[in-house]
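With these hints in hand, go ahead and build the complete structure from the sequences.
Protein chains: 2
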Amino acid sequence: MDNKALRELLEQMLESPDKHQLRAVMENRHIADFADALDGFSAPQAARLLDLLTLHDHAEAFSFLTEERQAEIATAMSRNDLAALFSQMESDERADLYNKLTDEQRQAVLPGLAQAERDDVRRLASYPEQTAGALMTSDYATLKAHWTVHKALLRLRLEAPDKETIYQMYVIDKFRTLLGTLSLKQLILASPDTKIADLMLTDVVSVNVADDQEDVIETIRHYDLLAIPVLDDEQQLVGIITYDDAMDAAVEEATEDAQKSGSVATLNSSFKDISLGRLYSKRIGWLLLLVFGALFSGAGIAYFEDIIARNVALVFFLPLLVGSGGNAGSQASALMVRAMATGEVQMKDWFSLLGREVMVAAALGFTLALAVSGLGWMRGGPDVAIVVASAMVCVVLAGSLIGFGLPFILSRFNMDPAAASGPLVTTIVDATGVLIYLGFASVMLGL
Amino acid sequence: MDNKALRELLEQMLESPDKHQLRAVMENRHIADFADALDGFSAPQAARLLDLLTLHDHAEAFSFLTEERQAEIATAMSRNDLAALFSQMESDERADLYNKLTDEQRQAVLPGLAQAERDDVRRLASYPEQTAGALMTSDYATLKAHWTVHKALLRLRLEAPDKETIYQMYVIDKFRTLLGTLSLKQLILASPDTKIADLMLTDVVSVNVADDQEDVIETIRHYDLLAIPVLDDEQQLVGIITYDDAMDAAVEEATEDAQKSGSVATLNSSFKDISLGRLYSKRIGWLLLLVFGALFSGAGIAYFEDIIARNVALVFFLPLLVGSGGNAGSQASALMVRAMATGEVQMKDWFSLLGREVMVAAALGFTLALAVSGLGWMRGGPDVAIVVASAMVCVVLAGSLIGFGLPFILSRFNMDPAAASGPLVTTIVDATGVLIYLGFASVMLGL
Chain Y
314 MDNKALRELL EQMLESPDKH QLRAVMENRH IADFADALDG FSAPQAARLL DLLTLHDHAE
374 AFSFLTEERQ AEIATAMSRN DLAALFSQME SDERADLYNK LTDEQRQAVL PGLAQAERDD
434 VRRLASYPEQ TAGALMTSDY ATLKAHWTVH KALLRLRLEA PDKETIYQMY VIDKFRTLLG
494 TLSLKQLILA SPDTKIADLM LTDVVSVNVA DDQEDVIETI RHYDLLAIPV LDDEQQLVGI
554 ITYDDAMDAA VEEATEDAQK SGSVATLNSS FKDISLGRLY SKRIGWLLLL VFGALFSGAG
614 IAYFEDIIAR NVALVFFLPL LVGSGGNAGS QASALMVRAM ATGEVQMKDW FSLLGREVMV
674 AAALGFTLAL AVSGLGWMRG GPDVAIVVAS AMVCVVLAGS LIGFGLPFIL SRFNMDPAAA
734 SGPLVTTIVD ATGVLIYLGF ASVMLGL
Chain E
314 MDNKALRELL EQMLESPDKH QLRAVMENRH IADFADALDG FSAPQAARLL DLLTLHDHAE
374 AFSFLTEERQ AEIATAMSRN DLAALFSQME SDERADLYNK LTDEQRQAVL PGLAQAERDD
434 VRRLASYPEQ TAGALMTSDY ATLKAHWTVH KALLRLRLEA PDKETIYQMY VIDKFRTLLG
494 TLSLKQLILA SPDTKIADLM LTDVVSVNVA DDQEDVIETI RHYDLLAIPV LDDEQQLVGI
554 ITYDDAMDAA VEEATEDAQK SGSVATLNSS FKDISLGRLY SKRIGWLLLL VFGALFSGAG
614 IAYFEDIIAR NVALVFFLPL LVGSGGNAGS QASALMVRAM ATGEVQMKDW FSLLGREVMV
674 AAALGFTLAL AVSGLGWMRG GPDVAIVVAS AMVCVVLAGS LIGFGLPFIL SRFNMDPAAA
734 SGPLVTTIVD ATGVLIYLGF ASVMLGL
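Which chain is which? The protein sequence lines are Y and E, in order. Under my numbering, residue 760 is the last one in the first sequence; the count climbs by one each step, no gaps. Under my numbering, residue 760 is the last one in the second sequence; the count climbs by one each step, no gaps.
Do not rely on the hints blindly, as some may be mistaken.
Treat identical chains as interchangeable: a pair holds within one or across any two.
As a list, the in silico EDC-like pairs of lysine to aspartate or glutamate whose alpha-carbon atoms are at most 20 Å apart [what the hints assert, rightly or not]:
{"id": "1", "residue 1": "476", "residue 2": "406"}
{"id": "2", "residue 1": "413", "residue 2": "511"}
{"id": "3", "residue 1": "498", "residue 2": "472"}
{"id": "4", "residue 1": "476", "residue 2": "569"}
{"id": "5", "residue 1": "508", "residue 2": "528"}
{"id": "6", "residue 1": "413", "residue 2": "430"}
{"id": "7", "residue 1": "585", "residue 2": "528"}
{"id": "8", "residue 1": "585", "residue 2": "531"}
{"id": "9", "residue 1": "585", "residue 2": "662"}
{"id": "10", "residue 1": "476", "residue 2": "430"}
{"id": "11", "residue 1": "498", "residue 2": "477"}
{"id": "12", "residue 1": "464", "residue 2": "531"}
{"id": "13", "residue 1": "661", "residue 2": "349"}
It should be emphasised that the hints constitute simulated quantities derived from the structure, not laboratory data. Keep in mind that this is a model prediction, so the values were computed, not measured.
Now the structure itself:
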């Protein structure tokens with residue numbers, strides 16, 4: 314059954330619900346396809362369709378929806394259904410959904426949970442977004458150091474259905490201090506009476522609950538981990554982050570950075586579904602800021618108005634020169650911002666990279682100068698050619714250094730280097746380029 | 314022992330090698346830290362240090378190095394050592410390294426491998442980069458449908474040490490046709506005499522060996538898979554791709570797109586380590602292309618030279634207007650390129666999104682027009698204010714539509730939409746903006 318057929322089945326299910334037929338179909342399909350097929354149904358319809366699944370599948374399908382969609386559908390569900398769903402969801406996703414519910418909905422779902430679950434929801438929901446705490450789950454498997462492999466496997470079989478992963482296990486003492494980790498592979502390969510203490514790895518890669526999610530992603534990726542333990546300041550285990558959540562977070566970070574590179578404020582929602590008004594508000598801020606930034610270029614031109622009036626041919630080269638500076642600057646900032654986002658480049662590298670950037674920018678500037686000097690000669694003679702060529706070298710050099718330096722400066726002041734977007738760099742370089750070019754012209758042509 | 318201490322230990326190991334001490338230290342450390350600590354050592358030094366590890370750890374540590382670094386160190390190794398390492402590496406990484414070796418090195422390592430391994434290397438190395446085939450490994454665990462759970466677990470214990478993952482298993486028939494998948498979790502929870510055929514999931518999410526790696530990443534992420542099976546055109550299982558390789562590929566793709574967004578050709582190597590010459594060559598191409606693109610802006614200005622000469626005050630507003638158009642275009646292209654890269658937006662969405670873009674762009678244009686019209690009045694009276702305001706609306710609209718449409722057009726011609734970079738959009742919008750603004754001025758001011 315392909316996705317279109319599944320959708321048609323769902324439409325038919327709205328008319329004449331048949332939970333047995335639907336469950337039989339879903340037995341052999343990935344539940345993510347069900348979630349996809351819900352696209353386009355209204356929230357009450359989606360709630361009715363989800364209700365036809367087993368509670369386990371219901372929670373699973375729900376987990377593949379966006380958070381906005383989850384909250385929308387939750388509103389269309391009865392208090393009892395929502396409470397039942399809530400107790401079945403994975404702890405990290407439950408906490409994320411909890412943060413999106415209204416106070417009234419929260420009051421409806423909490424009484425349906427056991428005290429320990431209630432505490433868990435409140436605790437997980439309390440961590441700030443984009444931190445390790447907000448990404449982590451509390452559904453992980455723990456072992457005791459004095460257990461044997463045999464006992465560990467027995468316990469794991471009992472607990473497995475409720476855990477997000479059982480492939481990575483955590484050995485803790487009675488204070489929840491993390492003593493070591495163990496993979497299911499190790500457990501399966503070991504002889505049954507080996508002690509966990511003799512098998513576990515004690516030098517554990519972990520993150521702190523307050524760490525930024527970028528660091529979490531980078532650590533998981535660097536060490537090829539399936540999951541990473543999250544510790545509080547007392548080194549106690551408070552949760553784990555699984556690779557799939559880290560991967561989602563990585564894609565989200567890359568999306569944010571891509572949007573920032575175009576001077577768009579973080580959308581925080583799907584691009585396809587965002588409303589007109591919100592898309593406007595995410596774009597207008599930077600545009601207004603940049604248009605006032607462009608005033609400096611205008612002011613530069615106004616300052617040299619007499620020179621332009623006396624030699625209007627100069628204006629011909631203005632877009633070439635300031636454009637090239639802006640382009641070289643955009644290149645430099647795109648390279649730096651990305652290298653800083655992946656952790657490849659850090660603040661301490663700035664000086665060693667500066668030398669390289671100067672040399673590359675000079676080479677780029679000379680090449681471009683050569684390319685346009687002929688044109689300068691044709692349109693204005695040797696004098697103009699020299700002005701245009703030397704301005705080009707300086708503008709490209711200035712542009713590159715602005716694009717190279719801005720991410721570092723922002724980072725130095727604890728701002729996201731990704732805010733050094735192409736348009737911001739271009740606007741700053743434009744003003745600089747106008748001054749350099751017309752300054753050169755006024756001095757060298759004696760205008 | 315922290316990373317600095319590990320580095321000092323390695324320095325000491327070069328003076329007086331002690332493999333027992335080193336192996337004891339590494340027993341409790343993640344091998345990735347060893348790979349990190351090799352940074353800064355010369356290739357022959359790194360080869361000597363790696364040689365102190367067990368062969369297994371040697372291969373593991375090697376896998377955490379970049380491919381360039383691997384090839385460099387391989388050159389410093391003896392033929393025998395390289396052959397031994399080669400037989401121990403994971404099949405996907407071995408094939409990647411093979412592709413980086415010289416012919417002479419290839420001749421050196423192949424005879425050290427069993428015939429089956431040799432075929433495997435040649436086969437995996439033959440797939441084009443950025444396809445599923447190039448990402449996949451052949452170290453996966455397969456089961457037969459008629460086996461019992463008990464037998465499957467016994468076999469798995471035997472094979473586990475050589476497999477990249479045993480958490481996801483693949484059920485095949487004698488023609489290697491993929492019949493279903495099974496997770497280790499299912500296997501552990503099932504009773505020992507259950508048949509694999511009764512346990513496996515038969516509606517398997519898979520990719521074709523020729524699929525683009527972007528699709529692979531998106532599928533793994535969408536379904537939260539630990540690994541995805543790769544099939545050939547005959548639906549036979551030829552490999553699997555694990556989540557960690559997909560995650561690395563995702564970060565690589567995001568890096569490439571980020572570089573393209575700044576009009577830099579794909580570096581294909583670490584930004585920090587790239588040579589001056591290569592960095593220059595990755596940047597100069599686009600810069601030259603764009604400088605000639607900027608000639609159109611220059612030509613536009615030259616065409617209206619008389620008008621500018623008669624009203625030099627107009628030049629003041631040029632950077633504001635064309636800048637705003639470029640910025641709005643950069644925003645639109647950044648949003649589109651990213652939404653297309655994550656698969657959120659496809660070609661078929663183009664028409665429905667166009668309407669929204671027009672409305673948002675018009676709203677942005679009117680807001681910016683309002684913001685600058687006062688300035689126009691001040692500097693040139695009501696006439697100039699009207700010219701500037703109406704040009705602003707049109708330039709922002711044109712810029713947005715260019716930024717919005719270019720990724721679609723590139724994609725339509727089977728080019729990467731990410732090539733619709735900020736600088737390219739800006740350059741095209743600049744020329745358009747010059748024509749719109751000075752055109753409006755010439756008509757409306759009757760110049």
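Could you tell me which of the hints above the structure violates, numbers in ascending order? The structure conflicts with hints 2, 4, 5 and 12, although it agrees with all the remaining ones.
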